[in-house]
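Peer 1: Build out the structure end to end from the sequences listed, making use of the hints.
Chains A and B, in that order, give the protein sequences.
In this text, residue positions in the first sequence follow my numbering: the first is 1042, and each later residue adds one.
In this text, residue positions in the second sequence follow my numbering: the first is 604, and each later residue adds one.
Treat the hints with caution; some may be incorrect.
[Said to hold, decoys possible] Here are the simulated lysine to aspartate or glutamate pairs, EDC-like style, with alpha carbons at most 20 Å apart:
id, chain 1, residue 1, chain 2, residue 2
1, B, 902, A, 1114
2, A, 1179, B, 1331
3, B, 1134, B, 1116
4, B, 902, A, 1116
5, B, 662, B, 1166
6, B, 1417, B, 1336
7, B, 1196, B, 1214
8, B, 1236, B, 1178
9, B, 902, A, 1120
10, A, 1179, B, 888
11, B, 902, A, 1115
12, B, 902, A, 1154
13, B, 608, B, 888
14, B, 608, A, 1156
15, B, 902, A, 1150
16, B, 608, A, 1115
17, B, 608, A, 1154
[As the list claims (entries may be wrong)] Counterexamples of contact, computed for chain A against chain B with all Cβ distances above 10 Å:
id, residue
18, 1070
19, 1200
20, 1218
21, 1225
22, 1226
23, 1257
Hints in this document: simulated from the structure, not taken from any laboratory.
Note that the coordinates shown come from a computational prediction; the quantities given were computed from them, not determined experimentally.
Quick reminder that beta carbons are idealized off the backbone N, C-alpha and C, glycines included.
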Amino acid sequence: MLSAHSLTKSVTTSAGTLLILDDVSVSVEEGESLAIVGASGSGKSTLLGILAGLDTPTQGQVIFKGQNLTELDEEGRADVRAKHVGFVFQSFQLLPGLTALENVMMPLELHGDNEARSKAQSFLTRVGLQERLQHYPKQLSGGEQQRVAIARAFASSPDILFADEPTGNLDTKTGAHIIELLFELNREHQTTLVLVTHEARLAKRCSHRLTVEAGKVVDDPIPVDDFAPVDDSMPVDDSMPVEAKP
Amino acid sequence: MLSLKLLWRNLRSGEVRVLAISLILAVSVVSCISLFTDRLERSLIQESHTFLGADRVIKSSQAIPESWLQQARESEVRAAKKITFASMVFAKETMYLASIKAVTKGYPLVGQLTIADVAFSYDSDAVTVTDAIPEAGTAWVDSRLLPLLNIELGETVFVGEKELQVTKVIVHEPDSGSSFSVAGARLLMNALDLPETEIIQPGSRVSYQLMLAGKASQIDSLIDNLSPQLGVHQQIVDIESAQQGLSKTLTTARKFLLIAAVVGVLLGGIAIAITARRFAVLQIDQVALLKSLGARSNKIRRLYFFQLLYLSLVTSGVGLLIGHFLQELIAISLSELFTLEIQNARLQSYLLGVFTGLVCLLFFVMPPLWMLPSIPPIKILRRELDVGLLKQYWQFILGLLAIVLLIIIFSQDLLLAAGVILALTVLFVCSGALALTLMYFGGSVGRRAGSVWRLGVAALERNKQHSLIQMLVFALAIMLLLTMLTLRTSLLDEWRLQLPEGTPNHFLLNIDDAEVSEVEAFFVANQVETKPLYPMIRARLTHINGELPSAGVQLQAEALRREVNLSWVETLAQDNAIVAGSWWDDWQSKGDKGVSIEQDIANKLGVGLGDELTFSVGGLSLQARVASIRTLKWDSMSPNFYFLFSPNALDEFYPTYLTSVYLSASQKILLNDLLQSFPTLLVIEMDRVIEQIQVIVSQVSFGVELVLVLVLLGGFLVMWASVSASMDERLQEAALLRAFGSSRKRLLNSLWVEFSILGGCAGLMAAFGAEVLLLSFQYWVLKMPIALHWFLWPLGVVGGILIVGSMGVYACRKVTFTPPARILRDVNS
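Peer 2: Given below as structure tokens:
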């Protein structure tokens, strides 16, 4: 389904050339799930961006459904994203001026779907937000916002879903609910899932794991229980619409 | 359709709302100004045409052929004939040299004739406005003709051989002041009666006029058709040539109103540019999201283009509507205050509003949004990625280009455009340098000063570019306001200077040498101040340097075709200025008689210093050399002469005298006593002309004041836009400071420090820019002597501190009144 070969990504800064990814190869089959784990700044989000066709590698290639993404121009990659790819982001990326319903309708409308409204409604119902259709992001809690984002991601029936730290902005309890929802929908829709996380519980649920450290894939993965301790002792105020970043 | 949906959703979300309001306000301010300017200008032109009683006049010393009237009718141009001359009018045993005007049906074509059934009545109940002219066999007369002839209304008088019944008195005739040849009390009669008077004989001094009114294009083509028949005896008169002083005033007023319109666009444009930039910044996430969802760059470009197109169409429409109603309101109040018939606005002024909206869209809104489609999709994952929006200086250059374009289109005056651009450039260069210097010194001083000052200065220093732009914007807005304020007052002052209180409003001509002391005694007895008496003789210019003037010169210089008034005087009048040669004090006579000529007529005659002019005075020959060339002010209402001779040069001729006096309305009745004592005296009632000019001046200044209010609105719009553009950043900073325990009062004071410094510096720069702008406007456009405006400087600085300070603090009050936790949450979400 998706494979990457010898990906290298470097950027030139005033301090010299910075190597973000160094000879990374990875593959994931249809219906599987892959967790990319690693410390902050290890290059895992860059890898996700390249795999999803949001960015291009300096060297190497990404093959998606037999198509070499690295040979396509930005417009070609946009077409691939439009047809096959869904996203869930750490900071939800809901448009503040749009209601929950309109946010979910957005990708459908962008592709000219005539049933955008009814499809969006059914997906929001699926994620348990049938009472919140006309609410604006500011009126929703963090967990609710991420559920809207998940509904939006699945609404366009993607073949593959990329999730960047989907629970990173949520407290433990809410994060657990979101993980549940993500995997349920994944099963229902037979979607391939690639996610970036530093949370052990989430990584554990995936069929494959890839550990990135300083831009390189580490051969001997660190046991998932150890690399990201979860601090359950932190008090959580669910009444607050958005939780502060850790 | 998606773009329409997006626009609708964006509109709900505030960000587009600010942009929309800016666009609406800009278009409404501009369209209101341009509509109102157009209407006022056309109304004033129309009003000034009433001086002629027509839109255009063909003046002739020979009778107007009947066929011309026919041709005018065929060209759908309204036409009427007017024949004026001076003639004795007889009644029983009295007689009087009256000014006769014989007219055909339709007179006056422009303006209105006001008549009454009671003599000396200015009471609005007794007077009526009429479209008619006297019936054949009747005459309408000036009230004062009745006592002069010792008759009552209804009695008859003789004009030549024709007996006419006097049926009405004339209260006001629109074209009363259009010619200095009007003298003596008026008698208005029907042209049909003219042949029976048998007055007009070959050689009679009669002025024939064909009055024309209608569409300018039709009048032009009629005159083109008539031109083969027009000869040296005919002259075409329009408002420009009829009222030179007034037309200059009108041109000045028009330019002023145009500048106001451009200022309106400029302020609107700045507000739009600021809000558009903020809109663009807020759209970055949305574009990144759309891209991650698979939207192509072209699709995004289309989405935003159509959003903006719809937005500008809707806002232009709303703006036009608001502008229309606003100017309608102004027009109504204006026409209620003054008896001015306001003309309808032309379609092209509405188009100007739409065009302005389009220019704003292209030059102010589009540039900051231009880079949006090229935002890389990875931005959605890497928030820290720097997105290359259009550099601010490019946006600034584009905006400046737009303004230059608009100024040129609006004013069609390259000099004026150059003056505005020069001032803008100077302002931006100087203010940039000043702002940077301030931040450099302010930073070090501020750090050593108290903490409130430190906070305020730090706020300015933190984002130099942002502070610089804000300072420039404020400086520009204040500069324009200062300029408007000064222009408005100095424009009015200039007008007032031209017509001060007590300006002579009556010319007295034909005062006999022997009557001079009696006339002077008459005015002294009645406590009326007179201007000096000028001796005057009528003469005809016959030769230049001993030769007959060429046909070309004859055609150009009307002075060669009629008798002119000559005078002599020892001291130069205040409103005269020598431009070449020297006045009598320094003039070397070498035994010749000297003459000083008015500049325009010298040019038309093609004569220079030292040339010899020969005049014929009642058959006697008079030679004089050109000693100096003068300019003079025709609109000063003092006696003025084309030809002024050296003292004693005219001793051998028998002169009459001319003077001017100021008579208040209650003193006007004195004219009757005067004319009864001196029946040969001629009076020109300039008060009627002055009255009309003053009405126009007050109409214009009222309009200018209203326009200034609109421009002020634009200035506030800019300030509001620029403060709200920095709001997010401010909220975050204030929240942090509050979280660290800073008191509300401290925050408030630091805001005062920040905005007062900003405002004070902006005011200083504004005063400088306004001074440059005003001086160039004064020098090149108004052609007035240069004088510095000292009051601008304190006004600019104090005004800047007060306006920017209070506006800034008011706009940021949210910062000090919102709980810190809430701000941090809002900003982060």
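Peer 1: Each hint should be assessed against the structure and marked as holding or not.
Peer 2: Hint check results:
1. Pair hint residue 902/B plus residue 1114/A holds up; C-alpha atoms about 15 Å apart against a cutoff of 20 Å.
2. For the given pair, residue 1179/A sits about 16 Å from residue 1331/B by alpha-carbon distance, which is consistent with the 20 Å threshold.
3. The suggested pairing of residue 1134/B with residue 1116/B holds, with an alpha-carbon distance near 16 Å, which does not exceed 20 Å.
4. Distance restraint check for residue 902/B and residue 1116/A: the Cα-Cα separation of roughly 10 Å lies within the 20 Å cut-off, and the hinted pair is therefore satisfied.
5. With a C-alpha separation of about 16 Å, the suggested pair residue 662/B and residue 1166/B falls inside the 20 Å cut-off, and the hint holds.
6. Between residue 1417/B and residue 1336/B the alpha-carbon distance is near 12 Å, which keeps this suggested pair within the 20 Å criterion.
7. Only pairs whose Cα atoms come within 20 Å are accepted, and residue 1196/B paired with residue 1214/B is accepted, the gap being roughly 12 Å.
8. Between residue 1236/B and residue 1178/B the alpha-carbon distance is near 6 Å, which keeps this suggested pair within the 20 Å criterion.
9. At most 20 Å may separate the alpha-carbon atoms for a hinted pair to count; residue 902/B and residue 1120/A meet this at roughly 11 Å.
10. Between residue 1179/A and residue 888/B the CA atoms are separated by roughly 16 Å; this keeps the pair inside 20 Å, and the hint holds.
11. Among the hinted pairs, residue 902/B with residue 1115/A is consistent with the structure: their alpha-carbon atoms are about 13 Å apart, no more than 20 Å.
12. The straight-line distance between the Cα atoms of residue 902/B and residue 1154/A is roughly 15 Å, inside the 20 Å bound, and the hint therefore holds.
13. For the suggested pair residue 608/B and residue 888/B, the alpha carbons sit about 18 Å apart, so the restraint of at most 20 Å is met.
14. Only pairs whose Cα atoms come within 20 Å are accepted, and residue 608/B paired with residue 1156/A is accepted, the gap being roughly 15 Å.
15. Distance restraint check for residue 902/B and residue 1150/A: the Cα-Cα separation of roughly 12 Å lies within the 20 Å cut-off, and the hinted pair is therefore satisfied.
16. For the proposed pair residue 608/B and residue 1115/A, the alpha carbon gap of about 26 Å is over 20 Å, so the pair is violated.
17. Of the supplied pair hints, the one linking residue 608/B and residue 1154/A holds, its CA atoms being roughly 14 Å apart against a limit of 20 Å.
18. The claim that residue 1070/A is not at the interface with chain B holds, since no C-beta of that chain comes within 10 Å of its own (minimum 23 Å).
19. The beta carbon of residue 1200/A sits about 13 Å from the closest Cβ of chain B, which is more than 10 Å, so the claim that it is off the interface holds.
20. Chain B leaves residue 1218/A outside its interface by the beta-carbon criterion, the shortest separation being 20 Å against a cut-off of 10 Å.
21. Taking the minimum C-beta to C-beta distance to chain B, about 23 Å, the non-interface status of residue 1225/A holds against the 10 Å cut.
22. For residue 1226/A, the non-interface assignment is confirmed: its Cβ lies about 18 Å from the closest Cβ of chain B, beyond the 10 Å cut-off.
23. A cut-off of 10 Å between C-beta atoms confirms that residue 1257/A is not in contact with chain B; the least separation is 20 Å.
The structure is inconsistent with hint 16 alone, although it conforms to all the rest.
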